[in-house]
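Undergrad: Here are the chains, one letter per residue:
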Amino acid sequence: MNESNQQAGKIYLVTALVMLICGLIFGVLASLSYIIPGLWNHMLGFSSMRPLHVSSTLFWIFLGSTGCVYMGLQELSQVRISGKLAAIQWVLWIIAIIGIFYSYSVGKFGGREYWEFNPLFALPIAAAWLLFIINFGKAVKAIKNWPVYIWMWMTGLVFFLFTFTENYLWLFPYFREHFILDTTIQWKANGSLVGSWNQIIYGTAFYLMERIGKNQEIGRSRIAYGMYFLGLLNLMFNWGHHIYTLPTDTYVRYTGYVVSMTEWVFFARIIYLWKQSVTDIQKNYHYFPYRFLMMADIWVLINLGQAILMSIPALNLYTHGTHVTVAHAMGTTIGINTMILLAACFEFLGNKCITFHPGNRWLSFPFWITQISLLVFWLVLNIIGIKKGLWQMSQNQKPFNTMMESMSGWFSVFVYSGIVLMLSLGILAFILIRAHVRCREKQKTEKQIQVLI
Amino acid sequence: MKLKPVNIFLFMCLAFIVFSSTIYIKPYILNKYKKNPQLIESSEGRLVWQKYNCQSCHQLYGLGGYLGPDLTNVYSAPGKGELFINAMLKTGTPKMPVYHLSEIEQTRLIAFLKTADASGSADPRNFTTLYNGMILAK
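Just so you know, the sequences run in chain order W and X. Take 87 as the starting number for the first sequence in our numbering and just add one per residue. Take 1219 as the starting number for the second sequence in our numbering and just add one per residue.
Just chain W, same shape as in the assembly (with noise of 0.2 Å):
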């Protein structure tokens, strides 16, 4: 394969790392007004912090995911996918990233919860989706029995539309003037994106697997299909378990609440199996994406547990609206979801050009404090969370600003052990910028040294 044919896919995973060091900065520094109240009042405000912080993260994973995606096409494809639509895709991209940036930063907003900003930027979003669409089905009919990762991959890329679109049905006043409607599409929106991305980064889990255990049989599994449909059911229909308290209809609330109870349990016992499967050949030549994709079955795990207690009602009455929220959305979106995108990153960018020595203390040092502090960051969320959801079932109910001046200290461990965290996946995705870059160079020395030759 042509290095160059793959140019593609390392801007996305370079532009995804450096949103990923962007929503670690903005997410430390809104979380500052956690311990310092009113910290940023007279500055950009914690209303312009927050959608900082949830965009730029947002932008990660769904560049990067683009970029795993990119990066599996033209690997596993005899049609190169188009580097010209990939490219004004990438350009649609930064123009919303831009936009929408600036427009947080002088305080316009007007979307949703995800989504704050204008409208107006969703349309550059939702154009460079279609085309990554349009560039994708090109791409796979060359491909003949499609193992798991495709399919996952395609409707992950289906879903998305879908639910970026639906996101945006309050512009019609049919659906804004009916509030328990409105809010209900809302969070079924919003519930099955999460399910669609998690469609692209669990495939391309499967992917690398298959790479690093050079086993088709992986992702053409019986076992991998049912994970597969598993979790298009929960895409689907577990989205009713965030609005049990919503007066909407019953069935909703049950359908989400039977179908929740079936998350995941395939997706830990695959990569369980796959571990067994690994020489330690392989373990050594890929170090990093071996370990980053061990500890994302550790997080599933973890996360495991807490989303099937979250999701029983009577449960969930203690734990919906508190920090457990944020706490599951941490360990998902950084456990698993950032720890999947890592090894990806590791596996593409590395590898050929520029090798991870498994020695490398500059890698090693911050993969570990990385856990180390997820972990503190995650207990700690969920001990305040826990605190929050007992104060608002207690009868002699304190205000709510004595209930969260009580827990200052839980919110300063929980701020410095963010900061840890900044600290220790900013320098590992420096890193990797910075490999890619000496790649690069790498190449066009070896170029003008072939043609003076």
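Think of the hints as simulated: they come from the structure by calculation, not from any bench. Quick caveat: nothing in here was measured; it's all calculated off a predicted structure. Each residue gets a CB set at the ideal place from its N, CA and C atoms; glycine is no exception. Possibly wrong hints are sitting among the right ones.
[Stated by the list, open to error] Listed next, with one range per pair, are the computed distances between beta-carbon atoms:
hint, chain 1, residue 1, chain 2, residue 2, range
1, X, G1351, W, L206, 38 to 48 Å
2, X, G1351, W, W448, 43 to 53 Å
3, X, K1298, W, T336, 27 to 37 Å
4, X, F1237, W, E303, 30 to 40 Å
5, X, K1298, W, I229, 58 to 68 Å
6, X, A1355, W, V344, 17 to 27 Å
7, X, I1322, W, E527, 56 to 66 Å
8, W, K528, X, F1237, 44 to 54 Å
9, X, C1231, W, K530, 43 to 53 Å
[What the hints assert, rightly or not] Restricting the straight-line Cα-Cα distance to at most 25 Å, the calculated cross-link-like pairs of lysine-lysine (DSS-like) are:
hint, chain 1, residue 1, chain 2, residue 2
10, W, K194, X, K1269
11, W, K484, X, K1356
12, W, K227, X, K1222
13, X, K1313, W, K484
14, W, K224, X, K1222
15, X, K1313, W, K473
16, W, K170, W, K227
17, W, K170, W, K530
18, X, K1298, X, K1356
19, X, K1313, X, K1298
20, X, K1269, X, K1332
21, X, K1298, W, K484
22, W, K194, X, K1313
Keeping the supplied structure of chain W fixed, place chain X upon it in accordance with the hints.
TA: Quick look at chain X alone, frame taken from chain W:
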């Protein structure tokens, strides 16, 4: 019909479309969707809520940010209500800056909070647990 992945996928998509459609059309079928000035003003109020990104700190039915309190029932909460909301918007708090809403924006935002309040209770203490783990508003 053989149980191929494509068939299962198409069947699930069909089920999803039917499920989604029942949600979309319910107000229309039950004739709940009637144009009236209160609904229009409240929907405009939701746009004010979005314009000032109130959701970054506040919640409705436990959904939104975590820095401030849930505002679903602030309109009818003892010691709060319309006057309290007006005062908070005009003076702010150490944690919440003053947003300088225009009079019309303030009226619309209050209409929106009134609608949210009338839709039900977000207080978890107002729910009972059923034998199967599901919760039901008292």
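Undergrad: Decide if the proposed pair is consistent with the structure: K224(W) and K1222(X), CA atoms, cutoff 25 Å inclusive.
TA: Since the Cα atoms of K224(W) and K1222(X) sit roughly 22 Å apart, the hinted pair holds (cutoff 25 Å).
Undergrad: Range first: 44 to 54 Å. Now tell me if the beta carbons of K528(W) and F1237(X) are that far apart.
TA: At 53 Å between Cβs, range holds.
Undergrad: When you take the CB atoms of C1231(X) and K530(W), is the distance between them in 43 to 53 Å?
TA: Roughly 47 Å apart at Cβ, these two residues keep to the hinted range, so it holds.
Undergrad: Given the hinted pair K170(W) and K530(W), is their alpha-carbon gap at most 25 Å?
TA: holds (22 Å)
Undergrad: Hinted pair, alpha-carbon criterion (25 Å max): K1298(X), K484(W). Please report holds or violated.
TA: Within the cut-off at roughly 15 Å; holds.
Undergrad: Cβ-Cβ distance between G1351(X) and W448(W): within 43 to 53 Å?
TA: holds (48 Å)
Undergrad: Hinted pair, alpha-carbon criterion (25 Å max): K484(W), K1356(X). Please report holds or violated.
TA: holds (23 Å)
Undergrad: Using the Cβ atoms, figure out if I1322(X) sits within 56 to 66 Å of E527(W).
TA: With Cβ atoms ~58 Å apart, the hint holds.
Undergrad: Holds or violated: K194(W) with K1313(X), Cα cutoff 25 Å?
TA: Distance of about 20 Å is within 25 Å: holds.
Undergrad: If I claimed the Cβ atoms of K1298(X) and I229(W) lie 58 to 68 Å apart, would that claim hold in this structure?
TA: holds (60 Å)
Undergrad: When you check the alpha-carbon spacing of K1313(X) and K473(W), does it fall within 25 Å?
TA: Cα-Cα ~21 Å, so holds.
Undergrad: Run the distance test for K1313(X) versus K484(W): straight-line Cα separation, threshold 25 Å.
TA: holds (18 Å)
Of the numbered hints listed earlier, not one is contradicted by the structure.
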